[in-house]
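Numbering (the working numbering), first residue to last: 36 to 266.
Wrong hints could be hidden among the right ones.
Have a look at the derived ranges for each label pair, beta carbon to beta carbon [claimed, not checked]:
1. Tyr164 / Ala64: 28 to 38 Å
2. Glu41 / Glu167: 30 to 40 Å
3. Asn239 / Ser68: 15 to 25 Å
4. Asn185 / Lys233: 18 to 28 Å
5. Glu133 / Glu41: 41 to 51 Å
6. Ser68 / Arg161: 38 to 48 Å
7. Arg161 / Gln116: 46 to 56 Å
8. Ala222 / Gln187: 44 to 54 Å
9. Thr209 / Asp39: 49 to 59 Å
10. Arg161 / Asn130: 50 to 60 Å
11. Ile159 / Gly36: 26 to 36 Å
12. Asp179 / Asp134: 19 to 29 Å
13. Leu67 / Ala114: 35 to 45 Å
Heads up, simulated BS3-like pairs for lysine-lysine below, C-alpha to C-alpha not over 27 Å straight-line [stated by the list, open to error]:
14. Lys211 / Lys145
15. Lys145 / Lys43
16. Lys145 / Lys72
17. Lys211 / Lys233
Worth flagging that the hints you see were computed from the coordinates, not collected in a lab. Computed from a predicted structure; not experimentally measured. Just so you know, even glycine gets a beta-carbon here, dropped at the ideal spot from N, CA and C.
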Amino acid sequence: GDSDVELKLNIQAEFSSQLRAVTQEDYLARCLSMPSKFGKIAKVYVTKDDATFANYLSADPSQKDQIMVSLYTLGLNTAGQLAQPSSALMTNLQNYIEDYRMLTDAINIKTAYIINIGCDFDIIVRPNYTSEDVIARCLITLQDYFNTDNWQINQPIILSNVYSMLDQVDGVQTVKSVSISNKYGTANGYSEYSYDIKSATLNNVIYPSLDPSIFEVKYPQQDIRGRVVSF
């Protein structure tokens with residue numbers, strides 16, 4: 036815990052801030068704690084504007100806004116799935132944050148990309164185990180792991196964790212391979228954005244990208260269902 040001196044200094048700093056959002060964590064907490072009567076923000080990612088891709092695409096460094104705070108947000112649709120927030124929800128969030136932002140901070144509220152993925156795995160089942168039962172347990176484990184409630188915007192996918200998790204499923208002797216594929220196309224019930232997962236993979240880690248050129252709007256010719264996660 037804090038010492039007596041640290042408590043005194045922290046209390047003085049909190050009083051002077053007048054409950055203002057100072058750090059990125061403060062903005063994150065404020066967005067997620069917005070009263071439900073104004074709508075529900077499901078996911079928020081907060082970053083300074085000088086860390087986003089817009090600055091790297093700017094030819095003039097003087098155009099960089101060092102105090103701009105970017106809020107990437109996602110809401111929920113009627114089925115409880117991640118979706119782009121409505122204009123009313125964005126307006127409510129803007130008005131709510133206005134009461135807590137620092138006078139020197141400028142806020143830019145944006146919509147995060149939704150990327151749908153599928154997970155394919157190849158395992159060897161232990162003797163005296165039914166293959167169908169083991170595969171069913173693996174599917175349930177993956178569904179729980181990739182549940183969107185457990186993930187945040189801009190969070191990488193570490194494939195070694197998926198290997199380890201499947202290896203611990205009862206009846207699995209060896210996990211031979213795990214691969215993540217992109218599912219896209221509104222006609223098939225997925226996001227309109229595709230993502231180059233192969234290019235985003237390094238050392239068995241799938242990283243999110245701040246480069247908008249990696250996103251493309253595509254529509255597949257066939258319907259392939261997969262597990263969904265957003266990052």
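Against the structure, the hints:
Against the hinted window of 28 to 38 Å, the Cβ-Cβ separation of Tyr164 and Ala64 comes to about 46 Å, which falls outside the hint. A beta carbon spacing of about 58 Å between Glu41 and Glu167 contradicts the range 30 to 40 Å that was offered as a hint. About 36 Å separates the C-beta atoms of Asn239 and Ser68, a value inconsistent with the hinted range of 15 to 25 Å. Separated by about 24 Å at the C-beta atoms, Asn185 and Lys233 satisfy the suggested range of 18 to 28 Å.
Between Glu133 and Glu41, the C-beta spacing of about 31 Å breaks the proposed range 41 to 51 Å. Range check, Ser68 to Arg161: Cβ separation about 47 Å, and the 38 to 48 Å hint holds. Restraint check, Arg161 to Gln116: a C-beta distance of roughly 36 Å breaks the suggested window 46 to 56 Å. The supplied range of 44 to 54 Å is broken by Ala222 and Gln187, whose beta-carbon atoms lie about 29 Å from each other.
Checked against the given bound of 49 to 59 Å, the beta carbons of Thr209 and Asp39, roughly 56 Å apart, stay inside it. Taken as a hint, the range 50 to 60 Å holds for the pair Arg161 and Asn130, whose Cβ atoms sit roughly 58 Å apart. The hinted window of 26 to 36 Å between Ile159 and Gly36 is violated, with their beta carbons roughly 50 Å apart. Between Asp179 and Asp134 the beta carbon distance is about 38 Å. The supplied range of 19 to 29 Å is therefore violated.
A hinted range of 35 to 45 Å for the beta carbons of Leu67 and Ala114 is inconsistent with their spacing of about 21 Å. Note on Lys211 and Lys145: the hinted pairing is violated, with a Cα-Cα distance of about 40 Å set against a maximum of 27 Å. Distance check on the hinted pair: Lys145 and Lys43 sit about 38 Å apart at the alpha-carbon level, beyond 27 Å; violated. Proposed proximity of Lys145 and Lys72 is supported: the alpha carbons are some 21 Å apart, at most 27 Å.
For the hint pairing Lys211 with Lys233, the CA-to-CA distance comes to about 19 Å; that is within 27 Å, so the pair holds.
Hint check: violations occur at hints 1, 2, 3, 5, 7, 8, 11, 12, 13, 14, 15; the rest are consistent with the structure.
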